[in-house]
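J.: Okay, here's what each chain looks like letter by letter:
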Amino acid sequence: MMPLDAEWYDFRDFGNTVGSLLEQIRDWGAPDWVPYVISGLIGVLAILLWTILSVLAFIWIERRVVGLMQNRIGPNRVGPNGLLQPVADALKLLFKEPITTRNADRILFWLAPIVVFVPTIVVFAVIPFGERMVLADLNVGVLFLIAVGSLNTIAVFMAGWSSNNKYALIGAMRTIAMLISYELIQVLVLLAAVLFVGSMRLGDIVDWQADHAVWLLFLQPLGLLGYIVAGAVEMNRSPTDIAEAESEIVAGYHTEYGGIKFGFFYQAEYLAGFAIAAVIVTLYMGGWTLWGLEEWVPGWLIFLTKLYGVFFIYIWSRATLPRLRIDQLMAFAWKFLLPLSLVNVMVVGGEKLLWQEAELSSGEALPLFGVINSAVAVILIGGWAWVLGHQRPERVAHRALLTKELGTIHFGEPAPTV
Amino acid sequence: MTVQTEPFVVNLGPQHPSTHGVFRLRLTLDGERIIDADMVMGYLHRSMEKLAEERTYTQNIPFTDRTDYLAAMTGNLAYVIAVEQLCGIEPPDRAQWLRTIMCELQRIASHCMAVGIFANDCGAWQTPVMHMLRDREKVLDLFEMACGARLTLNYMRIGGVSRDVPPEFMPTARKLIKDLPKKLDEYEDLLLENEIIVERSRGIGVLTPEQAMAHSVSGPMLRASGVAWDIRKADPYAAYDKVDFDIAVGVHGDVYDRFVVRLAEMRESVKILEQALELIPEGPVHAQLPTATVQPIDQPVAPLAIRPPVGEAYGRIESPRGELGFYLISDGSPAPFRFHIRSPSYINLTPLKLMSVGGTVADAIVILGSVDIIVGEVDR
Amino acid sequence: MPSNGPSVTKAIAGLDIAHRIEQKFPGAVEEAIPEAATMKADRLAEVCAFLRDDPDLKFEFLSSLTAVDRLEYFEVVYHLTSIRLNQMTAIKVKASDRENPRVPSVTGVWVGANLQEREAYDLMGIVFVGHPDLRRMFLWDGFDGWPLRKDYLVGPGGRFPGLERFPGESQEPLGGRG
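Residue numbers (my numbering), protein chains in the order written: chain U, 1 to 418; chain R, 419 to 798; chain P, 799 to 976.
The reader is advised that the hints may include incorrect statements.
To be verified - A few chain P residues that face chain R, going by a derived Cβ cut-off under 8 angstroms, partial list only:
# : residue
1 : V806
2 : H817
3 : T864
4 : V909
5 : G910
6 : L946
Unchecked claim - Only pairs whose alpha carbons sit at most 25 angstroms apart, straight line, appear in this in silico DSS-like list of lysine-lysine:
#  : chain 1 : residue 1 : chain 2 : residue 2
7  : P       : K948      : P       : K892
8  : U       : K166      : R       : K771
9  : R       : K556      : R       : K601
10 : R       : K468      : R       : K601
11 : P       : K856      : P       : K948
12 : R       : K689      : R       : K596
13 : U       : K404      : U       : K352
14 : R       : K600      : R       : K556
15 : R       : K660      : U       : K404
16 : R       : K593      : R       : K468
17 : R       : K689      : R       : K771
18 : R       : K660      : P       : K808
19 : P       : K948      : R       : K468
20 : P       : K808      : P       : K822
21 : R       : K556      : U       : K404
22 : P       : K856      : P       : K808
23 : R       : K596      : R       : K556
24 : P       : K892      : R       : K468
25 : R       : K593      : R       : K556
26 : P       : K838      : P       : K822
27 : P       : K822      : P       : K892
28 : P       : K856      : U       : K404
29 : P       : K822      : U       : K404
30 : R       : K596      : R       : K660
Derived from the structure by calculation, the hints contain no laboratory data.
C-beta atoms are modelled at their ideal positions from N, C-alpha and C, and glycine is treated no differently.
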């Protein structure tokens, strides 16, 4: 752990710098609310700056990386290696005419991009970027995450409804259906994590993982799986980009949006992605700690590295996987993930009880729990897949039958397996 | 509480990312369920059949590029076969083999697009189609070598092909077909066993063999329904009677089978190409047209134009999309009296309603992708 | 039935098919030429059902359906394929009323005729009696005229555009292959 009385130039945690500054202001005799407001402003500005830079950077990174994966180059014309492409895109979006269709509900239509943007960025208020780098250190941080994280559903529905476009309406309907299902799973897996750690404060969860020198990832693999999937749904990325399924409903809820309004949706989507990645990193991957390395390397750097790493997985899956159908995705939530996350809650609750009642030391308990939970995860997922595979033998891959006999009919014959 | 609901109509197209051109599908939906589907076409209608009646037989060849613009070679070939049938012209051996080679290359290029776009319709974010475009480009390079064009090729001629291939063509083609099986393995690894593709396409848009035949469906769609029917085998044109290959058929008649049949057909095309590049003889690539068919037309100063004898002919070949037929009637003049294109894209759409009603919007897109229409050929 | 290469599809000549139909339905054939047999319009449906179901013919696949404007009359041409027996034939039916050509629909026999008959109606103006959904296909509703008819407008450029010489161009005959 870092000493809290670090000097202002200790950039391992920018909280030190801000803390020293506020200390100085207090020394000058300012009233109590002044440093409070200033610290808030600094935090907000820092988060805004970081999100915008990250989004711009990741637009470029995603396009280049996906370009690599798709045997092409990606943007390479604007600036060195196309680095200024996101800036050019943003400028283009800014200068485009903000078209509002004639039959749109104008107020909602204009409000939706703002409403979608606010909750996605507010989420970052409770995320600890470093030990003291958290804007609002709420003791109900996880609750805040869930509450605010689901707000953008409303914005999406506003957008879909007010556009007065059928594709947008279908997209909005799909989003509502999907998010209601996956919000539940998100809550359940976060519940398991909170239950185990015993605090809803995200800082506490990070500290707990640092204290016990273990990531929750190893203790609750099922929870992580559930959260990754639910997160993918929430951020609307392949294979779950059903709400804006490009090949089906053009662009879903933001079909009618152009210019900077579309830019807001676009950025909100990235921000939602970063928020999901940040939650995964904080809850399951030790946040800004890395088994003591945070003493030497800035915690925020560790945090951001992990965050970008997790986000990269989503980029990767987007470039690889096709899209599920809405009913399949819903079935996956209710028939597969929900039972799994319920089992996860029960197992974790039992373990917590065992840990307290049997008075095990953490050195004994945690490896045991890790092994048990990993085994439970493997058995449940494997078993479930096995059951499903046997229930539906018609859903297996096969190859085409080869024949030289002209005019024969092979319907229903067994096909060669892959 | 009961909520009163009513079906609503969604126009898929004419501007839509995955209607493969300007094709419009009017879906009547109950939520996401399709209760009615109606096709609206004609956005790309250029009235080729009328235009062709006012041009000479040779002048009509470029039209056939522009019907199925992803398979211009087969379009050319079907037309020139019909004219040759009308005039009784027999192209020389080398021309026949060149036609076979070009058509199979074209089939690979076209199926690359079909499979890639199908994956796109399933929701893959461009990756499969980009990989497949890479291979298609190599085929197009070969075409460029042979005739200077990449898309609208205009390579076939009545009585042969427009010119012999340059000497560097054969080594490049050999290298391409040596590399292709590896690429095809790659695609199969990526797509064939992909859980989401299987889940999205199995059991969707099923056509039984009886339904398929009754609906005049042809090509990979008919074969996916389990009917082993391939005009290359049934009625060999060009040099298909001299090569050995199999007919790939599906066993369930669903969207997935159409996709695996196309993948398998690409392998068969490679097989044909391997043989064809070995067996192709030297010689002329264009037949001497019989003088009776080449006469000055009744104009003061006139070039030579083909004037087939009075009669009619139906020339058909297996294009990548199915049975592509040209029905020509000659009245002895230099222009066809009637020029009808039996276009597989158009006729394969017949069972679209049958296949998509009852499914969801997402299914309709995948089904439409599996039909593999080219709107230039649908509307002509 | 391409002439090049040994054909394995058995092409049943019009005279032959006419003979068979005449045996089953006397008086149903109007005329027969080697390319195709012409049916009488009122007997078309039963003849087509016979062609589809007869075990020696089995023409269950309607390859192509199109209409031709023969100036005095219209004819509708059906190219039939038997997939199981690998054979092909063509039949025709005439519609002599130029103002209101009517031909019975074969959608009851081959569902695949649906779109093709709509196309023939759209471009040639032939009314297929009994078609479930006979609407314009490529052209919009209310389009004036039937473009593929010979008396419709001649296309731009006259009868053989491109065969005339540009002013000042050499008057030598063009060489080359047709």
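J.: Take the hints in turn and mark each one as holding or not.
T.: Hints, verified against the model:
1. Of the supplied interface hints, the one on V806(P) holds, with its beta-carbon coming within about 6 angstroms of a beta-carbon of chain R, less than 8 angstroms.
2. With a cut of 8 angstroms, the hint placing H817(P) at the interface with chain R is violated, because the nearest CB-to-CB distance is about 20 angstroms.
3. Annotation: interface hint on T864(P) holds; nearest CB of chain R at approximately 4 angstroms, less than 8 angstroms.
4. Taken as an interface hint, V909(P) checks out: its beta carbon lies about 5 angstroms from the nearest beta carbon of chain R, inside 8 angstroms.
5. Evaluation of the G910(P) hint against chain R yields a held restraint, the C-beta minimum of about 3 angstroms falling below 8 angstroms.
6. Given hint, L946(P) at the interface with chain R, holds; its Cβ is 6 angstroms from that chain's nearest Cβ, closer than 8 angstroms.
7. Pair hint K948(P) plus K892(P) holds up; C-alpha atoms about 16 angstroms apart against a cutoff of 25 angstroms.
8. Straight-line distance between C-alpha atoms of K166(U) and K771(R) comes to about 21 angstroms, which keeps the hinted pair within the 25 angstroms bound.
9. About 12 angstroms separates the Cα atoms of K556(R) and K601(R), which keeps this hinted pair within 25 angstroms; it holds.
10. Restraint check for K468(R) and K601(R): not satisfied, since their Cα atoms lie roughly 42 angstroms apart, outside the 25 angstroms limit.
11. A distance of roughly 35 angstroms separates the Cα atoms of K856(P) and K948(P); the hinted pair therefore is violated under the 25 angstroms criterion.
12. For the hint linking K689(R) to K596(R), the alpha-carbon distance of about 10 angstroms falls within 25 angstroms, and the restraint holds.
13. The hinted pair formed by K404(U) and K352(U) fails the criterion: a straight-line CA distance of about 65 angstroms is larger than 25 angstroms.
14. A hinted pair counts as satisfied when its Cα atoms are at most 25 angstroms apart, and K600(R) with K556(R) qualifies at roughly 14 angstroms.
15. Only pairs whose Cα atoms come within 25 angstroms are accepted, and K660(R) paired with K404(U) is accepted, the gap being roughly 14 angstroms.
16. Straight-line distance between C-alpha atoms of K593(R) and K468(R) comes to about 43 angstroms, which puts the hinted pair past the 25 angstroms bound.
17. Simply put, K689(R) and K771(R) have alpha-carbon atoms about 36 angstroms apart, too far for the 25 angstroms limit, and the pair is violated.
18. For the hint pairing K660(R) with K808(P), the CA-to-CA distance comes to about 19 angstroms; that is within 25 angstroms, so the pair holds.
19. Restraint check for K948(P) and K468(R): satisfied, since their Cα atoms lie roughly 9 angstroms apart, inside the 25 angstroms limit.
20. Proximity of K808(P) to K822(P) is assessed by CA-CA distance (about 21 angstroms); at most 25 angstroms being required, the pair is judged to hold.
21. Straight-line distance between C-alpha atoms of K556(R) and K404(U) comes to about 30 angstroms, which puts the hinted pair past the 25 angstroms bound.
22. For the proposed pair K856(P) and K808(P), the alpha carbon gap of about 13 angstroms is at most 25 angstroms, so the pair holds.
23. In summary, the hint linking K596(R) to K556(R) is supported, as the alpha carbons are separated by about 13 angstroms, within the 25 angstroms threshold.
24. Between K892(P) and K468(R) the CA atoms are separated by roughly 21 angstroms; this keeps the pair inside 25 angstroms, and the hint holds.
25. For the proposed pair K593(R) and K556(R), the alpha carbon gap of about 10 angstroms is at most 25 angstroms, so the pair holds.
26. Distance hint between K838(P) and K822(P) is fulfilled; the C-alpha atoms sit about 14 angstroms from each other, no more than 25 angstroms.
27. For the suggested pair K822(P) and K892(P), the alpha carbons sit about 20 angstroms apart, so the restraint of at most 25 angstroms is met.
28. At roughly 21 angstroms between alpha-carbon atoms, K856(P) and K404(U) fall within 25 angstroms of each other, so this suggested pair holds.
29. Distance check on the hinted pair: K822(P) and K404(U) sit about 35 angstroms apart at the alpha-carbon level, beyond 25 angstroms; violated.
30. The straight-line distance between the Cα atoms of K596(R) and K660(R) is roughly 21 angstroms, inside the 25 angstroms bound, and the hint therefore holds.
In this structure, the earlier hints numbered 2, 10, 11, 13, 16, 17, 21 and 29 are contradicted, and the remaining ones agree with it.
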